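Those sequence lines, one after another, are chains A and B.
Residue numbering for the first sequence follows the numbering used here, beginning at 1122 and increasing consecutively.
Residue numbering for the second sequence follows the numbering used here, beginning at 1354 and increasing consecutively.
These are calculated hints, taken from the structure and not from any lab test.
Since this is a predicted model, take the numbers as computed values, not measurements.
Careful: at least some of the hints might be erroneous.
[To be verified] In silico BS3-like pairs for lysine-lysine, Cα to Cα no more than 27 Å straight-line:
(1) B:Lys1668 with B:Lys1658
(2) B:Lys1376 with A:Lys1534
(3) B:Lys1749 with B:Lys1761
(4) A:Lys1348 with B:Lys1665
(5) B:Lys1761 with B:Lys1702
(6) B:Lys1457 with A:Lys1150
(7) A:Lys1535 with B:Lys1382
(8) A:Lys1224 with A:Lys1534
(9) B:Lys1457 with B:Lys1749
(10) B:Lys1382 with A:Lys1534
(11) A:Lys1150 with B:Lys1376
(12) B:Lys1702 with B:Lys1665
(13) A:Lys1380 with A:Lys1344
[Unchecked claim] Stretch by stretch, here's where chain B covers chain A in the computed footprint (C-beta under 8 Å, at least three residues):
(14) 1131-1138
(15) 1165-1178
(16) 1281-1287
(17) 1346-1360
(18) 1366-1375
Where is the CB? At the ideal position from N, CA and C, for every residue including glycine.
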Amino acid sequence: MDRTQCCVQLSVQPSRALVDERFVILVEKAPPGFQLSVRALHQCEDGHSWEAFGHYISDATGTVNVSQDLSLGGTYSGVEAMGLLCSLRPVPGSKPGLRMRKKDVQAPMMVTISVYQGHQVEGFVDQVPLASVVVERWYVAPGVRRIPITDHGLTGTLFLPPGPGPFPAVLDLWGGGGQLVEYRAALLASHGFAALALDYLTAKVIRETGKMVEDQYFETAYKELQKHPQIVSSRIAMIGLSFGTTMTLKMAIYSKVVKLRCAVCISGSHVQPIEKSVEEILSSFNDRADKTRINEENQVIWRDLLLPIPTDPSLKADVGSLQCPLLLVVGEDDQNWPTKESAEDIQEMMERAGNSHLLTVLSYPDTGHLIEPPYSSHTRTSNFKPVGTNQKVTVLWGGQMAAHARAQEDAWKKMLAFLRENLYGGRKASAATQSNL
Amino acid sequence: MPLQRSVAPILCVQPSRALVDEKFTVLVKNLPPGGPFTVRSLHLSEDNDYWEAYGHYVSNHQGELSVWDDLSFGGTYTGREPMGLLSSMRPIPGSRPGLRLRKKDVTTPMLVTISVYCGHEDYRDQTPLASVLTERWHMAPGVQRFPLQENTVRGTLFIPPGPGPFPGILDMWGGGGGLLEYRAALLASHGYVCLALEYFKPGEMTSANQEFSYFETAFNVIKDHPQVKTDRVGILGLSLGSAVTLNLATESKRYACIPPPLSAFGSTPIGCYWFLLVVFDPRFPVKHDENNCEIWREMILPLLKDSSRKVKVEKLRCPMLCISGCDDQNWPAVESVDDVMETLRAVGKDHLLTRADYPDAGHLIEPPFTPHFRATNFIRGSTMEKVVMLWGGQTKPHSEAQEDSWRKILSFLQHNLYGNDHARSRL
Chain A
1122 MDRTQCCVQL SVQPSRALVD ERFVILVEKA PPGFQLSVRA LHQCEDGHSW EAFGHYISDA
1182 TGTVNVSQDL SLGGTYSGVE AMGLLCSLRP VPGSKPGLRM RKKDVQAPMM VTISVYQGHQ
1242 VEGFVDQVPL ASVVVERWYV APGVRRIPIT DHGLTGTLFL PPGPGPFPAV LDLWGGGGQL
1302 VEYRAALLAS HGFAALALDY LTAKVIRETG KMVEDQYFET AYKELQKHPQ IVSSRIAMIG
1362 LSFGTTMTLK MAIYSKVVKL RCAVCISGSH VQPIEKSVEE ILSSFNDRAD KTRINEENQV
1422 IWRDLLLPIP TDPSLKADVG SLQCPLLLVV GEDDQNWPTK ESAEDIQEMM ERAGNSHLLT
1482 VLSYPDTGHL IEPPYSSHTR TSNFKPVGTN QKVTVLWGGQ MAAHARAQED AWKKMLAFLR
1542 ENLYGGRKAS AATQSNL
Chain B
1354 MPLQRSVAPI LCVQPSRALV DEKFTVLVKN LPPGGPFTVR SLHLSEDNDY WEAYGHYVSN
1414 HQGELSVWDD LSFGGTYTGR EPMGLLSSMR PIPGSRPGLR LRKKDVTTPM LVTISVYCGH
1474 EDYRDQTPLA SVLTERWHMA PGVQRFPLQE NTVRGTLFIP PGPGPFPGIL DMWGGGGGLL
1534 EYRAALLASH GYVCLALEYF KPGEMTSANQ EFSYFETAFN VIKDHPQVKT DRVGILGLSL
1594 GSAVTLNLAT ESKRYACIPP PLSAFGSTPI GCYWFLLVVF DPRFPVKHDE NNCEIWREMI
1654 LPLLKDSSRK VKVEKLRCPM LCISGCDDQN WPAVESVDDV METLRAVGKD HLLTRADYPD
1714 AGHLIEPPFT PHFRATNFIR GSTMEKVVML WGGQTKPHSE AQEDSWRKIL SFLQHNLYGN
1774 DHARSRL
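If we strip away everything but chain B, and leave its shape as in the complex, we get:
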């Protein structure tokens, strides 16, 4: 039944401008009491795809509804989900398949329209009752972005505002390749000089012949930066980036001979985000699921038994945090961490490892309040072959994993990179 109204209801999203890892409240007032309403988010990506999420609500006796407090009775999320309008986003019906939402230009915000509609039926033909715009930023004000000019290392450096010096982080993504800046920008917004590193272009993974020294050079770009505290640099890696991270943390000869009390690495590197034992070899046959999505985890699992393929984690000298999704269909993350734990325990170094395993979370554990991708398009091989990769995970537990793990990561970085020596030496 159409609503006759003289003024629009009042829709308020607070804060209207926020970092992507901050929560918001969505409040609607001046509605008829006890009525059915749909709250919906809509975003047009840089690739020109529409993404949306929505929840079905009932206004209270005062004609108000609050996404923070109230239950959603249906939609792309149910139950009490304060950030459901972002974390359950998916492409609108009719979109191209296998899409993934990733911000390329981090100097501009992600714009999301939040609207409220009458009823719980399909809203697509309706004009919303009210609509506001909210900005989600990867860069805090004052964070500076510097694409690296040096030819040897490809990447982008983000520097927090202020004189510094700051702790530093080397940030590496995985097998998809390319240069992704958004996590580094976000880390700089939390007070770290962060280098987002490109170490091969999309599709180049198998042919890339990146020398270990490339990563050491990248690490030094941060370590030697005038605004970075030399002894407070860490590394963050996801997926293949974890392999690199672990290599750097254990194998780097350059840092093997720094005497105490500076501790290992000439720095106190921290951070390992997800973790891979083996340098990937895609010539192994790949499994497929019923939708023809590629599943890589089974092919990597046997390699855990081959010690010649594994990084020598017993040489680890710094604290490490490993985040894993139990439903990771791309890498056997949990089994890998089990193996690392065993190896470390054998040499009395298990106190260096902190692990968090998330049930029903997949491979792509990203900063919070971003959509979950169970399977997306992926370019692999030098033939630039496009496949659909199964990453795994169920939306709700995966979103919870993203939120919880990000908090743990920030806390781990804060403790190890910003903490005083006394606190850190107790590790």
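Chain A with its partners taken away, still in its complex shape:
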């Protein structure tokens, strides 16, 4: 096809969106029945390039609609509106074990979407596309404020939605890799929740004293939220992923200070020695390191460390005494934590205690450990350095790309609905307010 004659038009709508919003990719004015590749390219902050592509055939009007048409191959197949983001992977020749995580949440993720002639699998960089556009994917909505929190020995970042408030709040915890990870909190603020991303494993105070934090650290963070003039002190939730779940359950059940309106636990377990410090809990996990499995690809599987689920009540958080709604998100192919088994045991414990009406379990087949906000690349394995060790290993997180992507989308939607229902009040609050008029 003569390029000077070619008038293929490519559009992606919206061109600027939050990372959890869908887009529609439309290729128009191609010849009918034409073979095309649609490709996404992203260069992340550490300089690595990631790409994804799908193979399409234009219809009789010369159109390809990625949301409706089948991808016949590439890094994803089938009808996958967001396949170009979900199936992003490092370009050939990249270092192994990479994971894509946004550090600077105030700048957008820039993705170049291009359309090429034919069904290409490689060598895109050497070809001139037929058309190309750029899209911006944002972790913050306009007006979201980012406030570093360093008072009282805390290491965290508070994200506030725009407006006077007051807002409900979420304390946001990630897992055993430590660091201050802001992107989920930034997104939550973009949905109307004040959100505090808290570093509790590699915080400044830990690096300076050489000691792990105690319960007080989380209680201090909770109190910081409570006393903020734009936060409703009685409407605070916690969300934890992986080891963050351990901490969330610890606070929700045992803290005299932390009174949560609700809790979300993703890819975690209730198995933990109770009434122990954070340090002791971590040690207890490390003590079982002999149950680590290594597969043929030399990837580390840690799910057995907490198995079998103990029957001894002193070895698991007493979920039967939980007084707030709990949402559990479970990946059934989680190779890192025994999330599914834990969820089953939690369900049983709560049924026996009579508070299972508080429990909602979202369980997803073929879904791995890293259940993140949607439309981000699925990481089945990556390099990992657990806090307190010097060893970098390749960890198997689990999950199959398409199923995992669908789980992320569904779980995020349900998590937001759960938070809105419990923190913004839903119908009950409206009725209550009506009586105030």
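Once you have looked at the hints, place chain B on chain A.
Just chain B now, kept in the frame of chain A:
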């Protein structure tokens, strides 16, 4: 009565980041049902003036209100106006008079705060119940902006993302002069290489001695650009820019001898936005209205009868779209298009002209969802005299005209500049 609330209502503007010609929805939830509320927009311009619009709404039985679906019962707009919060904006009370809102820096978005207040009374002393920020962009991601370095032509080139080649557009504003980039940036966001051209500085209109060749050179900057399809270049002009457009479309000798099948102009130029027959002569006496605003349309009208002052439209060789406001107080736009139509009909070329005349719309028909300006400050003459110019139009019909005409313009450009030869040859 003050509302006792424990959490703020939820206010959501979607999309929160959009191009200026895209619509948005404004939804408020978690309100008491059946209560009076005001939704308001606020913008601080680059000139440090505050602009606002507001509508009075009543929440439904679920405690929700939707600007897209619900009626406004009062404010700067009434009725069902999804974009009323932008198109009915005006300077806040106490502002300097005669202001016009025009984005200068197109690389940054226009920031608009949308808020919801309790009640239908004056909200100025109240804290809003909720407030969000929305960004309105002239440039899509990936559009590149190049101020022209060449000394001969002053302007800014906007290039869409991608390898191209793209159709091109020469974009010209009117008698106010200066370099306005926002429409060119927006057109590039729709897939056209676009040159925003400056052909005189503000106040220079009467003394400007711009040679015709200046415009031909500008046209060539686009036509000869490596990312532009040589045979797919059009021109867009507003007000005085239309005069230039028409001149280029008919008079350019350079393109008179391009043989078929490339058709006229060596390109297939399109586009004419508003249209002026005569090169303006401000020495004619000017009328004023009761507010001392200048009205120019009457002084130009008689010139329509003077064929020595008119561009020879019978020489037109390309499709042309003319957009006119019936209440244009600055140029007799409708009468001018009537005259052009008559001239073209006499030589069997009326099929080249598409016209859209909008009742109660004024002179400044701009991209949609921007405020309507009935009269604003204008610098005229080499004395840099400041007058207030009456442009005309009523806000609601003018906004509708902007929305409808922009759609027609984009469609006209798409058809003629992106369409295949078969489609275009049927014109």
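Consistency of the hints with the structure:
A distance of roughly 18 Å separates the Cα atoms of B:Lys1668 and B:Lys1658; the hinted pair therefore holds under the 27 Å criterion. Taken as a hint, the B:Lys1376 and A:Lys1534 pair is honoured in the structure, with Cα atoms around 24 Å apart against an allowance of 27 Å. Simply put, B:Lys1749 and B:Lys1761 have alpha-carbon atoms about 18 Å apart, close enough for the 27 Å limit, and the pair holds. Proposed proximity of A:Lys1348 and B:Lys1665 is contradicted: the alpha carbons are some 75 Å apart, above 27 Å.
At roughly 21 Å between alpha-carbon atoms, B:Lys1761 and B:Lys1702 fall within 27 Å of each other, so this suggested pair holds. For the hint pairing B:Lys1457 with A:Lys1150, the CA-to-CA distance comes to about 34 Å; that exceeds 27 Å, so the pair is violated. The suggested pairing of A:Lys1535 with B:Lys1382 holds, with an alpha-carbon distance near 18 Å, which does not exceed 27 Å. For the hint pairing A:Lys1224 with A:Lys1534, the CA-to-CA distance comes to about 23 Å; that is within 27 Å, so the pair holds.
For the hint linking B:Lys1457 to B:Lys1749, the alpha-carbon distance of about 25 Å falls within 27 Å, and the restraint holds. Between B:Lys1382 and A:Lys1534, the direct Cα distance comes to roughly 18 Å. Compliance with the 27 Å bound is thereby established for this hinted pair. Restraint check for A:Lys1150 and B:Lys1376: the C-alpha separation of about 25 Å stays at or below 27 Å, so the hint holds. Between B:Lys1702 and B:Lys1665 the alpha-carbon distance is near 13 Å, which keeps this suggested pair within the 27 Å criterion.
Restraint check: the Cα-Cα separation between A:Lys1380 and A:Lys1344 comes to about 10 Å, which is no more than 27 Å; the hinted pair holds. For the stretch 1131-1138 of chain A, the stated coverage by chain B holds: 5 residues have a C-beta nearer than 8 Å to a C-beta of that chain, and at least 3 were required. Under a criterion of three residues with beta carbons nearer than 8 Å to beta carbons of chain B, the stated coverage of the stretch 1165-1178 of chain A fails, only 0 such residues being counted. With 6 residues having a Cβ less than 8 Å from any Cβ of chain B, the stretch 1281-1287 of chain A passes the three-residue criterion, so the hint holds.
For the stretch 1346-1360 of chain A, the proposed coverage by chain B is satisfied: 3 residues have a C-beta within less than 8 Å of a C-beta in that chain, meeting the threshold of three. Here's how the stretch 1366-1375 of chain A fares: 0 of its residues keep a CB closer than 8 Å to some CB of chain B, so the rule of at least three is not met and the hint is violated.
Of the numbered hints stated above, those contradicted by the structure are hints 4, 6, 15, 18, listed in ascending order.
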